[in-house]
Amino acid sequence: MTKKILCVPLDPVHDVGIKLIRNALDKNGYETTLLAPDLTMEAIVKFAVNETYDYILVSRTLGYGVAELLSRFNDLLDAAGVREKSKIVIGGKPITPELAAELGFDKGFGAQSTIEEVVAYIEGREINLTAKTLQRTKKDIAENYTYNFVDTEIGDLLSNIADKLIKYADKRTTDSIERAKIKEEIIVTRDAKKRNELQQKYAALCDRVIVDANEKKLYPKGVRNLDETELIDLKRFLDDNQPVSPVKIQHNDSQPLVFKFLGSGCPTMDIVHAKVCERWGINGFLIINPSWEARYEGLINGYLTHENDGTITSFENIKLMRESLHPSTLLTVRAHRGLNTPETILLAGMAGADLAKINLVYGSLGAGTDPSRLAVDGVEAIKLAARFNLPFDIPGNDELSGVPAWKSLAGQLINVMVGIKLGAKPILKPLFCLGPHIVINGQMNQNYVDYNSAKIKALRQIVDCPIWPGEPIAFMTQSEERVQSANATSYHAALAATLGVDAITIASTDEAYSRGPICITSRIDSIRAVTDAFRFVGNSKFETSTQCDYYSEDLVKKIKDVLIHVNNKADLPEAINAGLLGNAEDGAYPGKFGKDTVRMI
Amino acid sequence: MITVGIVGTWKNTGKTTTLAYLLSKLINKKLRIAVTGIGYDGEEIDNITALPKPRLLFERDTVVTTSEKCLNNVDLFYKTLEKTEHNTALGNVLIIETLSPGMIVVAGPNKKSSLQSFFIQLEKYGIDVLLIDGSLNRIAPLAIVDYLIFATGASRSEDINFLAEEMASIEYIFNFSKNKSLSTPPAIIIENNNGKTILKTSSLFDNEDAKIVCNLLAKGNNILSIPKIISDEALNYLNNNVSEDIVVNLNADSPITFMLSGNPIQTANKIKEFVKKGNCINYFNKPKLQAVTVNPFYPKPIDHYFVTEYVDKSELQKKVQNKLSLNVYNIKENPVLELPFLN
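Heads up: the sequence lines are chains E and C, in that order.
601 is the number that the working numbering gives the last residue of the first sequence; the numbers go up by one with no jumps.
944 is the number that the working numbering gives the last residue of the second sequence; the numbers go up by one with no jumps.
Next comes chain E alone, as it looks inside the complex (with noise of 0.2 Å):
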């Protein structure tokens, strides 16, 4: 016998959910009725006893004294004798289980409820939520890109400046590549005799501090391993949840991935952080190391938490991130500084992570290793980037410093050129918000529309290469509100999803000024304001102004003047020292991490 269903708006205006689940459940077959709404609730109750209904459906949102309106309605109910044949139902946007039962109904449904679980309780099926697993497959970002150069002749000069780069690190090795070697061999011998004399030879080429980790357990200040109770429960807690209902946040297929920031430091509260995010639909995370990793030679290993920011970078730490993920959220490392490029790009390719950070210009300038020593490693990283088939994405270095974009851009296509040549997949990372150099010169004063757009156009007029704006987008607009800093995020994520770029990242509302570890319902704000966004914007366009086209022209026509410089230079390293691609009045300074540390082969 068909189920009969009565549909109560107990609210004098708001009646629109309930009129939502009503045509649903008309559409399964059921006869309802709806009342009007601002109807007494005894008159609501005579209709519900004159007739019998098998379930009775409330509609009502909750401000201050709402609680007790509900509680006297299923008094009504219940001595009129109408619960003694009806199920009483609750709906309504801050209405969770708890609140349901203190209230006495017999079941809640909130904002996060579907119209299929109001159906499935309604015909007696249980319905697993968590059943509903993350539906997507993993995307390669770099895949339908030819890498074609369109502006052949910038092209042709990236390709000059990228041969005698390679020529340039081919002829030279460091202690870092020749850690990498050792260290793939004793991630894959079995032979524990073979494996001590590995890392024998690996810790002669660390410093003390790695040496003194690796070999007597005395790690540096705030770093200790997980120990196995630690790992036991983290595994534990990982079969124990599921995602309730995993959300996702593009709203069609042709907008961006998203990503976000791990680096707490603790490799456990990452995780927990990473699974939040996955339910909310985050495509992928970039892990931050600490950046004293970057000034050692050699790396620690082991499952190792660190009580400041930055999650130490170890084979074990990756393995266990990936492992812990989705199989179709990515993972990226970071590499693109510091004295252990190649080594950490091996490790991430071991350890199962699918994109990596490379940027040979930014690391010797904003990040603070030598030029010639990151040029050599920096090669060695995206040949090991290509042989481990890891994507790696070029951040720049406008954000932090005033490099102006088109140095930072040039700088991030040189990377482009040299991943191509050696078989590689580059991606592009333009800062997308305001930078110290714009906020100097004024590109944005109008709007934030028109200069964003204008890299992104700029790009696409010279190569044929993936995009993915960073890092993150909007982060110097943000700021210490909440609100402030989930809207920011917002609107440039639906600037960046009209422009058809492959992915994003995005910062959480407290990241810009957090005074320790990331909170996660600030990432949930980023991730709910950019899933809106998308809505927002879904497959329509931003309008820019004439500015825009001005700006990209310019734009390539100051890439091409800078790389017309740098190719007259005899390598990499000579431009970057000669502050072509950032000099001291831009705030770029080349670094001195690994100074005089490249040895001729």
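There's no promise every hint is true.
Taking beta-carbon pairs under 7 Å as the criterion, some of the chain C residues facing chain E (in silico) [stated by the list, open to error]:
1) Trp611
2) Ser736
3) Arg739
No lab work stands behind these hints: they were computed from the structure.
Cβ coordinates follow ideal geometry from the N, Cα and C atoms, glycine included.
We have chain E; now place chain C onto it with these hints.
Relative to the frame of chain E, chain C by itself:
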């Protein structure tokens, strides 16, 4: 098995604090105690105001009802005595026995008929006293308990005079006698010189319902039995339309019937008017009103948040006591609530 219900005039009036006090008092008497509730109680944070809530601390060997989903958040050792068929928004109700002191969220049957069958289920565990925790201002399921304790306070209203007036009205409503010879009929029955008329309905919701009844009343004495709801509107209609030569002996289900309007002061005034015309009221069922507790706390809304505030606690207790013959307690200040029915 003695059943004691704790009902609130509003949310946050002190039901949980009263329940916690009763638990501590009864444990000392070496009685087998069971605790259930018609909602959901014992959580750390209020579901609506997000303010901290008083917790329920159970001693070992207490029988408690909870729900399947509440077992994710348990702070004691327990054994499950029974998984019942009573379903709530948080899953089926479970009867458990505590094996250690600790905290657990209480959840139980949410309607009168379920609670009634639940009493029978619990009796087999040798329960001496069953405490039933109310929920918000819900009261209908508790029409079947032996004793009721009312919790009122500033959360209901910051106007202490109003609180006193309202509790006095409730006391007045409860003062009518239970008719021991009667059991609740299935429908409205009118008995007078014209005979016995049984209506199809069992509630008077509005003027329309009351008019039908009025038309069936005869001069002289009438026995009017209404098993379910009597709304204020219907009572008002009776007051205004029953002539002076008609006397009505009204049998209502319980005092709870008259609490359902949500406005005891207004209802009590209408009842007084009804009685003043020479009519009388009896109940089929009547929980004995045992005591009143008062709580000076109220959650004050500021923007989208709530903060903790208090009215003058002495004034609150004094004014409410002055209006009632029942004893009025502030449990936190003076935890001496007497339970003579246990002596």
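Exercise. Going through the earlier hints one by one, which of them does the structure break, listed in rising order?
Worked result: none
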